[in-house]
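*Asks:* Kindly produce the complete structure, drawing on both the sequences and the hints.
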Amino acid sequence: MRIAERAKTYWAFVLAASAIPTSYLVAMPCCGACAGCPMGASCFLAYPILVTLAIGAKALRSGKAFLKKH
Amino acid sequence: MKARETITRNRWRYLSFIAGFFLFVAPFALFTRAVYLIVGNTAEPTLHSVCFRMPIDWIFGGRFYSILGSSWFMAAFVFGVIISSVFIGAAFCGWLCPVGAVSEAISRAVPIPKRFRLRIRDTKLTVSMRYGFLVGFIIVAALVGYKLASDQLGSICCRYCASSVLQNFASALFGEFSAIEYWQSGAILSLVFWLVIGGVFMSGGRGWCLFFCPLGALSGIAHKVGAKLGFYRVEYEKGTCTGCNNCQDLCPMWAIKEDRTVERTLCVNCKECVHACSAYKFVRGRKVADS
Chain A
1 MRIAERAKTY WAFVLAASAI PTSYLVAMPC CGACAGCPMG ASCFLAYPIL VTLAIGAKAL
61 RSGKAFLKKH
Chain B
71 MKARETITRN RWRYLSFIAG FFLFVAPFAL FTRAVYLIVG NTAEPTLHSV CFRMPIDWIF
131 GGRFYSILGS SWFMAAFVFG VIISSVFIGA AFCGWLCPVG AVSEAISRAV PIPKRFRLRI
191 RDTKLTVSMR YGFLVGFIIV AALVGYKLAS DQLGSICCRY CASSVLQNFA SALFGEFSAI
251 EYWQSGAILS LVFWLVIGGV FMSGGRGWCL FFCPLGALSG IAHKVGAKLG FYRVEYEKGT
311 CTGCNNCQDL CPMWAIKEDR TVERTLCVNC KECVHACSAY KFVRGRKVAD S
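Residue numbers (the numbering used here), protein chains in the order written: chain A, 1 to 70; chain B, 71 to 361.
In short, the hints are calculated from the structure, not lab data.
Glycine included, each C-beta is placed from N, C-alpha and C at the ideal position.
Treat the hints loosely; a few may be bogus.
Example chain A residues on the side facing chain B (calculated, C-beta under 7 angstroms, incomplete) [claimed, not checked]:
(1) L50
(2) I55
(3) A59
*Replies:* Shown next as structure tokens:
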């Protein structure tokens, strides 16, 4: 149980730590042309937000039930 | 009645938040304006003048010349906040920061049932995510700073910054309508996470502070170090605890652990737990066992 809990926190840490660099890699080919893009840098923020919500939802009982269902 | 109680209980903190708005946000920015006046800086002070992100970005990206150059005040402010957190906890976040204040105020003002609000009760998980995002931020700062990747990040950083969104809101509100031009989907997404997801739909309304503020994360580390050294902190005493869990429900930073001790890296010394329960009190010195 303890190992599972630790794995959960390490997994959350790794996922969160990789979120911003990953979204940076996604945004990099555009070379900062965000002002001219209809996405306007939202691509940069979308992934970290999704990670936050996914980990948050998994931590909740209702979220767990929802994720099990789908 | 409940709203009135909340306002009465937190009156000094809410007054401090209002002061924080006038001290740091343009067109007022009284603190920054005063410093600029003293040092003879003719620039127009805004919330950007005390950017919470740039000096941390510079440090980890090896761009020390930026700190020593014209942006010295920005760097001095950020390091001042971090160093003060060693002695008085993350009091800037809990008492002055206008960004956290707005989202917390909206969270209090919007009456949504508790079951619709996200709250991670496992503080270890919250801490993992908070410092995970900080590490990600540092990795990108290093990649850009040491030219290991494209240096275009600097041009898009303000598009995912809640402080920027607040500043533009305030500028537009007080007559500078050109600030509205700033709105694009990145800023809108920041706004949505800061005020709607992080504000309304996260318990306590500090979702942005918890996960995306590098200054808050570093202040949390400083507070943990300070608490170990015996500086000002909130301490939990099991003896008077009735197990009502009010402390956990009220803490805007989700800093109360399952055993009701305080997670230092999350605590902003807001005093919510102190008001809610006599088991919590502020202490100094190293004699009391560290929670």
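*Asks:* Against this structure, judge whether each hint is valid.
*Replies:* Structure-based check of all given hints:
1. L50: Constraint on A:L50 not satisfied, violated at 10 angstroms.
2. I55: holds (6 angstroms)
3. A59: Nearest chain B Cβ about 5 angstroms off; hint holds.
This entry does not satisfy hint 1, going by the numbered hints stated previously; all others are met.
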